[in-house]
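Engineer: So you can see what is in the structure, the chains are spelled out below.
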Amino acid sequence: MNYKKIEDKIFISIDKGELVNQKLLEVAENEQLNSGWINGLGAISNLEIGYWDIEKKVYVKQKFNNDYELLSLVGNVSLVDNKPFIHTHISFSDTKHNVFGGHLFDAIVIAAAEFCIFTSEYNLHRKLNCGIGLSLWNI
Amino acid sequence: MNYKKIEDKIFISIDKGELVNQKLLEVAENEQLNSGWINGLGAISNLEIGYWDIEKKVYVKQKFNNDYELLSLVGNVSLVDNKPFIHTHISFSDTKHNVFGGHLFDAIVIAAAEFCIFTSEYNLHRKLNCGIGLSLWNI
Amino acid sequence: MNYKKIEDKIFISIDKGELVNQKLLEVAENEQLNSGWINGLGAISNLEIGYWDIEKKVYVKQKFNNDYELLSLVGNVSLVDNKPFIHTHISFSDTKHNVFGGHLFDAIVIAAAEFCIFTSEYNLHRKLNCGIGLSLWNI
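Residue numbers (our numbering), protein chains in the order written: chain B, 1 to 139; chain L, 1 to 139; chain Y, 1 to 139.
It cannot be assumed that every hint is accurate.
Chain copies aren't distinguished; within one or between two, either way the pair holds.
To be verified - Each computed BS3-like pair below joins lysine-lysine, with the alpha-carbon atoms no more than 25 Å apart:
| hint | residue 1 | residue 2 |
| --- | --- | --- |
| 1 | K83 | K4 |
| 2 | K57 | K96 |
| 3 | K56 | K96 |
| 4 | K96 | K127 |
| 5 | K16 | K56 |
Hints in this document: simulated from the structure, not taken from any laboratory.
Chain B on its own, in the form it takes in the complex:
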């Protein structure tokens, strides 16, 4: 992974074999980000994604092991216990161009993987919402 921060933007290239969210977190930690918006595209495999079960208050996980085009990663950087936290959702397509998606746990890069984090100085903390079961933005 290599990245370049210039003003409020960080351009990030994640290498083949590396994990997407792990590397985005590494950037956020290195740059001591307090908040930011993330966008990305690329090609990925070995995905673990999920959806939030509202009733049971758990993520239901599923693996996707083929090769996919990463059509859209939308996410953000916030703070949990004063440390950077990465929250991302993705959509991805198979070789027939059918699209799947969900909350991203992580995925491995298989070719290009290009991201931009739009950073901000705001201290965007998360706080556990017991009714929902998730840590939500505490604005």
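Starting from the known structure of chain B, arrange chains L and Y on it as the hints suggest.
Structural biologist: Below, chains L and Y alone, put in the same frame as chain B:
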């Protein structure tokens, strides 16, 4: 809904039970935005989406009433009759991670819903294009 | 196509009958962009999309000739041989709101098509990666 404007970015958290587009519009009105780009993710239900029928010049609407992960909201703030107007398209996934999408009329937040508006001072007006039947950006 | 650059953002409206990537490139060339992040939505037809075949190191292409809502265009501007280059992935929906997507070669606008390029002064060059077969960001 809570939001924080810092420089050119507005971080917005929309609460469970609130309408996505309605609350984005409220932010745009409160902040008297003239233009902006919107990105977001979350979890939603009770969606009304549609597609533009080119021939008939109407939106054909459809409802989706299950719970979905909001994978990507892409949209913008512009001005119609000098008032803020919200235009958004979404993609969302069901519990099997199949993805659906379209032009968003509105949807209700069921868990987290996190958005960023990238604001600008530009007066981005819309003007009715009679050939297409829609109000398009008048740049 | 019309566009307006204001500070680090360029708002772009691409007209009915025009090609998306071709016009985004025209903006990048006119403004002599060195780097930028692209986001967009709209309505398109006559798409040529593809996926990267990792083994054969070629794009496998497919055409989609109906009318679709462009749900999300995610992409970027970089430099290849010191000239602006556009890389975009898209997801789009049919009249049943099923979603398809892939790497975008190009597509024709059929109604609204609204884009924002978030520009930067960084010289974001691409360099051929022989192992992958693609020109990747050379950060």
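Engineer: Hint by hint, say whether it matches the structure.
Structural biologist: Going down the list of hints, with the structure as the test:
With identical chains, the CA atoms of K83 and K4 are at most 25 Å apart both within one copy (21 Å) and between copies (20 Å). Proximity of K57 and K96 under a CA criterion of 25 Å is satisfied inter-copy only: 17 Å between copies versus 34 Å inside one chain copy. Within a single copy, K56 and K96 get their C-alpha atoms only as close as 34 Å, which misses the 25 Å cut-off; across copies the closest is 17 Å, which meets it. Taking the closest pair of Cα atoms, K96 and K127 never come within 25 Å of each other, the shortest separation being 41 Å inside a single copy and 29 Å across copies.
Only between protomers do K16 and K56 lie at most 25 Å apart by alpha-carbon distance; the minimum there is 16 Å, versus 36 Å within a single protomer.
Checked against the numbered hints listed earlier, the structure breaks hint 4 alone; every other hint is satisfied.
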